[in-house]
Each structure stands twice: as structure tokens, then as C-alpha cells.
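Whole structure, please, built from the sequences with the hints as guidance.
Number of protein chains: 2
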Amino acid sequence: MVGEDHEEERFTSEDEFKILIATDIHVGYAANKKHRCNDSLNTFEEVLTKAIETDVDFVLLAGDLFHENNPTREVFMGVSRKLRQHCLSDRPVAFEFVSDPSRNFASSNFDRVNYEDPNLNVGMPVFSIHGNHDDLSGKGLSVQDSLHEVGLLNLFGKFETIDSFEVNPILLRKGKTNLALYGIGSQRDDRLCRAFQEEKIKFLRPKEESEQWFNILLLHQNRPRRSNLRTTGAYVPDKFIPSFFDLVIWGHEHECRIDPQYVEPGHGTSGDGFYIIQPGSTIATSLTADEAIPKHIAVLKVRGRKFKSTPVPLETVRQLLVAEINLELESEGERVPKLSVRTDRMPDEKIVRDKIESMIAEAERTRGFRQPLLPLIRLKVIYSGPWTQFPPLNAKRFGAAYVDRVANSDEMIQIKTIRTREQEEKTQHTSVPQAEQNCSTVDQIVSDYFSTCQEDEKLMVLSEEVMSRSMSEYSNENKKITEVDREFKTAVENQVLVFQRDLIETEEIEISDDYTLDLAEIEKRLMKKITVATVSRERARRAELHPMDEDDMEVL
Amino acid sequence: MVGEDHEEERFTSEDEFKILIATDIHVGYAANKKHRCNDSLNTFEEVLTKAIETDVDFVLLAGDLFHENNPTREVFMGVSRKLRQHCLSDRPVAFEFVSDPSRNFASSNFDRVNYEDPNLNVGMPVFSIHGNHDDLSGKGLSVQDSLHEVGLLNLFGKFETIDSFEVNPILLRKGKTNLALYGIGSQRDDRLCRAFQEEKIKFLRPKEESEQWFNILLLHQNRPRRSNLRTTGAYVPDKFIPSFFDLVIWGHEHECRIDPQYVEPGHGTSGDGFYIIQPGSTIATSLTADEAIPKHIAVLKVRGRKFKSTPVPLETVRQLLVAEINLELESEGERVPKLSVRTDRMPDEKIVRDKIESMIAEAERTRGFRQPLLPLIRLKVIYSGPWTQFPPLNAKRFGAAYVDRVANSDEMIQIKTIRTREQEEKTQHTSVPQAEQNCSTVDQIVSDYFSTCQEDEKLMVLSEEVMSRSMSEYSNENKKITEVDREFKTAVENQVLVFQRDLIETEEIEISDDYTLDLAEIEKRLMKKITVATVSRERARRAELHPMDEDDMEVL
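Which chain is which? The protein sequence lines are Y and C, in order. Per this note's numbering: the first sequence = residues 1 to 556. Per this note's numbering: the second sequence = residues 1 to 556.
You may find that some hints are simply not true.
Derived DMTMM-like pairs: lysine to aspartate or glutamate, alpha-carbon spacing no greater than 20 Å straight-line [claimed, not checked]:
{"id": "1", "chain 1": "Y", "residue 1": "K355", "chain 2": "Y", "residue 2": "E324"}
{"id": "2", "chain 1": "Y", "residue 1": "K202", "chain 2": "Y", "residue 2": "E166"}
{"id": "3", "chain 1": "Y", "residue 1": "K176", "chain 2": "Y", "residue 2": "E16"}
{"id": "4", "chain 1": "C", "residue 1": "K139", "chain 2": "Y", "residue 2": "E166"}
{"id": "5", "chain 1": "Y", "residue 1": "K139", "chain 2": "C", "residue 2": "E198"}
{"id": "6", "chain 1": "Y", "residue 1": "K355", "chain 2": "Y", "residue 2": "E334"}
Just so you know, the hints here were simulated from the structure itself, not pulled from any lab data. Quick caveat, the model's predicted, so the values are computed rather than measured.
Given below as C-alpha cells:
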């Protein structure tokens, strides 16, 4: 047990909180990938079943439960279902909620924690904050608010103003142990950092016996410096965290650093420092070495003001193997062909294939019985020295052969070419990809065109600004093309139907009883009508349209 | 009591089902209108409280609970909240569910009706089918599926194949009364009509004592003929409904026809005919006389095979007054100015204002105490005869004066001009609106442009097809511009962040410790990188992109 040591003998297991800690579950990640579509939900289910198996009092999540703020219905229903299946039960909940729920859950219409609702049998309470993926965009509501409102979890740590706020802890009591849970849902790092610096965040503390509370802070922020351009560095330095905290659960960072790390008290501050647990994500959302560290959650035990954290390895997480080879170093004795084009069976292919095969073999050897069959593999192949004379292998084409053996075959190989200055100069004249020459950003293409086109070619229906934004909808990698298509299809159908009805109502088309009206003629009239109305509607809208909020961006 | 009369004496109140019937609640309708944004949810709450007050056994909804299949988070949470507040309780549920729930709710992961889930205290069960607004688009899931999955209502009547299917009834028993609920969620009228015609719909019936079941069918379809172009007429004629049904609850039609209407058995069929109750919507979604009929729901009592339906007036529905005036008829003795332009204080304005004032006065006189203050008013003003010489009044400008007195002031006045053939010929030469002359459809504008433009002006990033669809997203009246803007903003932010991270990872930008790097330079490099990646991503996507499903459309 770590922490203060006074009066240990007073506490028994009836005074002990057991808490399952997890974060960044990202349900919905890779939802449209063939092999990986169920990974995130499967591991979410594992987290919940582990909570039951380890018999914890509750589950604590530090943000990004969902990968998207606006998940598909399937993803939302998946999460709802798992919560209903595992968290609703007759299991007794043996701790008291002693703070004011109407302040902890101020944005909710239900003034109690879910396990105290007499109409819901909550056997495993979940407390959660929002992350940057399931953020408060859209009238201050996260997708997690929907789950809160139906009573499946307890979302806290929401703040309307982000420059200055009071953090009201959730106060829990079990036997003689008092637990204060402070949550701050994902904030822009810059602003939160400044708010900390300027002491504009007020952590409210229980008036009485404040020394007897074990204080936990949940954060969902950058932990290392992520920007050299901003004075804040776009992260929350440890030194800003008040030293009355005993433990910080750090979300957002995907690297698993499950062992508590001690942080000394800052210069000139009182207190005895605190610990940080950074559970890391339960799914790899990028193919990096950080994400390849085995994923864990933790069971935290708190007695009085002492705690102990036990890592719990996750068993359903897909394997991720990351490696790098430099052909120049790997190929001692290998003859590098003196060619400027690729031919069949070049030696780099064999080297890469051998490496991939050994990685697949390692994955097979080490795969746990609950892990999915196909591993994620990322191999960075460095072309340098004589290997830069000919074009590197085609990563996508090479990957295609592994489509049934590697879960991410299309992005398995990453190519990097390192040339000396001399080589660089020799290749100066070779062409950059065509796209790079002829294209600018979407916005610029649109803008350039309309600034030079003839008057009669200018758009009547949609503004240039609107057009450029619309197109970006389609070039947005986070939105599935099928989703936009579906929305579009529904939209067009609705529009046509509205006008068909409108036409009938205004009796502009006289339909004879013997159905002699020409379909083509109807269509023609409809089209004309739609066009006229679209124009007038768009004009009304353009009058309403405000320029976008020019919020400054930061590195996440 | 209507229905068969045998063995009446056997039944007592303990054998009586009491059911609240409502439909087309359209929560989310007018969600972005100033005065009306809460109307639909308020009346939904009234429906639920009426259910409790009238002490029914359950609520039966015939589709379009939501106005949109993809409602905003606020709307979804509003409905969830009302269901949780009113339907979860200790109220006893006194009827049995005797069919196989895994067949009635085949698409759900929970194999029981919500009130039999031991972890949910359901005091007021709701049974519902989906409408055309909350349809199954998107992997066969309605927004009502989300509510089903969290246990707040019971969604039934879903069919994967719509040309031929089996309808499995929900079988309920209370004392000696047996109730069979057949539901068919909204289908394309044409197809459903053909499926009926060709007898491809099979209504499963309890094997034993089939004569002892009271059979209810829930539909959400066009009731009158809605198309003269299609052989089916795009509606479901009464004659197709099998005569073993006792009662049909007809959703989709917004006109309130709450009194049961008897339908004689079809030619050559056995049986004794059936009744139709068409509750109509609980909110007016169009400004028509049909929608102005006072809105009702009904309490249905069923004992054995006899039923009685009692209309229940809704008290929270905003008043709708609809009228029409023909200036030529209204203005006897009035001097019509001989002008070809409008001037101040023309006599039509006074006539219209007087009429509107009298309608507002009537609304004030008749308003119930729970009805919202401002009425909906629709006045159709007909210009004919000498009144067509000058332009009619501007409906929007006229309405603006009523913005605080009428809930729909911007669409209060509807202008119709009726000219004789002679007058028509005289005005032939006057111009049609400019928009009509210069514009075609969005698609056509895009298509025309790109088929004629120079090679180097063609789009590199997005396909022409994609561009044209994207623009239509913005011209779709069902999607709020703020929503699209918000999505767009998030999308762009995400995209930039991904590339910023990517840049840092690939170390293409060397950041010195003293922050001397030029911001403009960073931006330039970012833009270039984004463009290259956008192009390659878009290319990959275009390869995947399928043409839209060319489903035939029909009038709803």
C-alpha cells in the first residue's frame, strides 16, 4: 500500500474501496474495417466483465469511451447493450453517495446517481468523464450524456465555461474510507493550462475533516509537451496539479503506464506529492511502439488515505507488433541491383517478406487464446545508400498478399527513403507526384475557380463558401462515405417528396383520371419547382449564415 | 361496446385491457423554431401522463414517434428522459406476455419485453412500430431501436424483406381476454400494396382458440389514394386487410379521425368486417385544415372480443386556425386601386389584417389553459379579378408584424393569384423570377460546368459526383445549417490535428528549442501535406464508391 501510513490498523476490508480504472476505450474505432470492426466493443465488454470478476465497487473511466462524438446507431446501441447487460443486476452496491448529485450532475434532469434510482437495478456503477473524442460539441452534450440520461452511466466533470470554473467532487463513503472524485472532462490544453497557471480553477473540498479524504483527479489531457509554438506547450504539466490530490488518473494518452508514478510536490508548495496512473487506451488507434505496449487496466484499492493499484492485463486486445528495418544494414553481402526502375523479385522484397513472416510467426507464438487471430503489424522499411537508386516497393500492393493474415495489411508497410545531400541533388529534377503539382486545398480550388469564372457560370443556388465546406465533408476522413451517401439519399428523397406533396396541394398539375399525364413532363415540372424553391431557400439561409467560429486549434 | 356479443357476462374489469392509443408524435418537429421548439416533446409528455392518469395497461404507438430518423442528441435525450420519468415506476403491470419475445423483438439482443426485465422497473410499457420518419435506414436500425435496446420501449413490426414476410403477433393476456397485436412498421406503399395483393404477407395466428383473440393491426401507411400514376395508387386499400382483424390502428395520416369507423368485409371474404381508428398526429406538421381538427388520443377498452374507444382530447397542442379569403368576394363596395405597383396602405392589406386580427381574437377566446400562448395561423389570400392588376402583398414582410403574436408569422399568409385567360395573356411578357431563368438543379450546374471546363480546371481532389452530392447536403431543408457547420468544423479540426501529429511523428519539421520556426512556413508545409494525403485518400475512396441505390420513389 502506498500513501500515508497513519492509523492503518483501523481499516478492514469493509472500509476498502475497490475501483476498476480504465480509459480511452474508443468504441467505434475501425468500425468500417473488415477484421477490426468489433475489436473496440469486445474489449469494452471485457472491461465490464473484469469489473464483475474482480468484484470492484465501481468502474472509473477517464474519457473517450466513444471514438466519435456522433457514433453510428450501431455503435451507440452496442455500448448501451453492454452496459445494460453487465451493469444492471442485483449485485449489491456497498458504498454511499454523500455529495449533492444535483451539483455533480448539474446538466442532467435526474437528481441522483444511477445506482440510487429505485427504478433501475444498477449493480455496477460506472463513473465517467468525457474525452476529446466524445466531447461536448453540439449544445454542450456529449454522446455520454445520452447514456447518463437513460441511467446507464454517471457522467461528471462537465464545465460550461472553460476559462474559470469550480470543480465539485463526487463524495463517496465506504465504511471509514472517504473518497473524493474530481473530474475535468477534456479541455483545450492551452486554456486549461492557462486556467491552472492563473489559478482560475477552484477545487472545492469537503469542509470538515478534509484531511480524511482520499482525493482522486480524473484528467483527459496531453501529458507530455505537444507544442513548441505555444507558450503553454499545449499540455498540463504535473506542477500545476494541486498537491492535496493523492492520485491522478490520466486519460487521453494511449501509452499504457499502469504503474503509479510518484510526482514530488512542486517548488514552494506544501503537501506530499501525488501519484499518476496512466492506464492508456484499451485499443491501439495508431500503429506506434507506444500502442504496442501490452494494454492494461487496473484495480485500485483504497483504504483510508492509502492505496494499492494492481494491473490487470487485457486479454481481448488485438496484437500489435511494430518494427523497423534499414535495408542498408540488413543486407550485408546482398548485391543491390544497379537499376533505376523496379523489376520482378527485387531483393528488398525478400528482405521485407522475411521480416514480415518472422513477425507473423512471433504473433502466432505469443497470441493469447482470447486475442483475435490476425495481428496488427507495422514495419517501417528504410531505404538508404544504394537502395535509393530505384523506387521502393509499393506498400499497398505488397500488403495485399497479407489480407488474410494481417489485420491491417493495407497499412502494414511504411516506407522511408533517406538520401544523402548528394543523392538529393541528383533527384531534384525528378517530378513530385502529379497531385501535388496541380492541386491545392479544396477551399482554394473552389475559391480560385469562382473568382475567375464568367458571371453566368457563377453559382446561383449555393454560395461559394457553402460549396467549399460541403466538399470538405466528403474529404473528411472521419466521416464514412456510406454515411454521407445515406444522409444525402434521404435528404434528396425527402426533398422530392415535399415538393411532390406541395405540387399536389397547389394543384399545379392536373392529373386526369385516365393517367394520361406524361411522366417526363411531371419530372420536368418538378425539377423546375425544386430549383426555384432551392434558390429561395438558400438565399434565406445565406442571410442567416454566420461565419465559422475561428477558434484557435491545438495539437492533441 | 362494439364487437361480438357472445358470453358478455363472463368478463369483469379484471379481464379488461385498457390501452392508450396515440401516433405520429413527431418529437423534434420544429426543433429550431423560436416559439415551437418544445411543442412536440411537451405533447409527448402529455400523452405519457394521460396514460398514467387514465390508468391504462400500456401505450400503443403507430409510428413516427420521432420526426427525424437521426434526431439531434437533445431530441433523443428528451424522449429518453420523458420515457424514463413516466414509464419507469413501481406501478404494477397486470397483463401477461404469452408469445415468444425473441420472435417479436427478433432484432434485439434482449429476449424479453421491457416490463419483464428484472433490472428495470417498468410501470407503463410502451409498444411501438416505426414510421416513415423514424424508419429503418442505416443497417436496418430505427432511432426507436436505440430506445428499445436501453429498455425504455418495445419496438416491434420490423421486417427485413418487404416483399414477402410473416407477421408474428405479440400475444397478451389479461384475465380471460386475449389480445394479439400485429404490427407492420412503415413500408413503401407500393410494395406493401403489392405484397397484400399477391398474398405474400402471412399473418401468423395462435394455433388454439384463434376465435378467442382480439386482433389489432398497427399500420403506418397512406390511407387514401395518393398517386394516380401508379397502379397501386400508393396506398393500402381497406379491402386488403384480412377480415380476422377486429381493429386497425392507422398511423401516418395526421388528420384526427378518432371515432372507430366500421369497414364491411370485402367481396367474397368471410368475417364480419373490422374497425379503423385513425388517431392522427399529436402535433400539426403542416398548416392544413386536416391538421386543424382538434388533436385526440384514445383510451381503448377490450373485453373478450368487444371493444370501446373513448377519445381523449389533448390539452397542450398549439392551436391551428386555417382560413381562406378571396379579396374579390370580401371587398364588395371597396374601391380597387387602378395601379400596377404597390403603394402604402393598399386596401388588401386592411382586409387581410382585419381577418388575421379576428383569427387571433378567436384563438385567444378559445385557447385552453394548457395550450401555448401563440396560435398557428394560416390564411390563404386569393387575388382575382381587379385585384390581380398590382403585385400582391409581401407575405413575409406582412407576417413580420405578428412575430410576437403568431407562432408561425413567417408562413402565416399564403398568396394565390387567379387570373382569367385574358389577364394571363396580358402578363405573358412579364419576367419570371431571375433564379428560374438562370438556374437548373444543383446536379446540373455541377455537371454542366465540369463537362465543359478546361482540363486543368477539373477537380483533382473530389469527383464531380461527390461534389454535386455534397452541395445538396447544404440545400437540404431537413438538415440544419448549424449542424452541418458544426460537423464541418469538427471535421476540419480533426483533419488538421491528424496531420499535425503526423508531421511531428515523421519529423519533417524540425522545431528548435527557441521557437524560432516561422508559423507561416509551418502552415504552408501542413497545407501541402494535407493536400497530398487528401488526394490519395480521395482516390482510394473513389475506387470504393458505389453508385447510389436507385430505388424508385413514391408519394408519402
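Hints and how they fare:
1. With a CA separation close to 9 Å, the supplied pair K355 of chain Y and E324 of chain Y stays within the 20 Å bound.
2. As the CA atoms of K202 of chain Y and E166 of chain Y are separated by approximately 5 Å, the hinted pair is consistent with the 20 Å bound.
3. Between the alpha carbons of K176 of chain Y and E16 of chain Y the distance comes to roughly 8 Å, so the proposed pair stays at or under 20 Å and holds.
4. For the given pair, K139 of chain C sits about 43 Å from E166 of chain Y by alpha-carbon distance, which is inconsistent with the 20 Å threshold.
5. For a cut-off of 20 Å, the pair hint linking K139 of chain Y to E198 of chain C is broken: about 50 Å separates their Cα positions.
6. The straight-line distance between the Cα atoms of K355 of chain Y and E334 of chain Y is roughly 15 Å, inside the 20 Å bound, and the hint therefore holds.
Comparing the model with each numbered hint stated earlier shows that hints 4, 5 do not hold.
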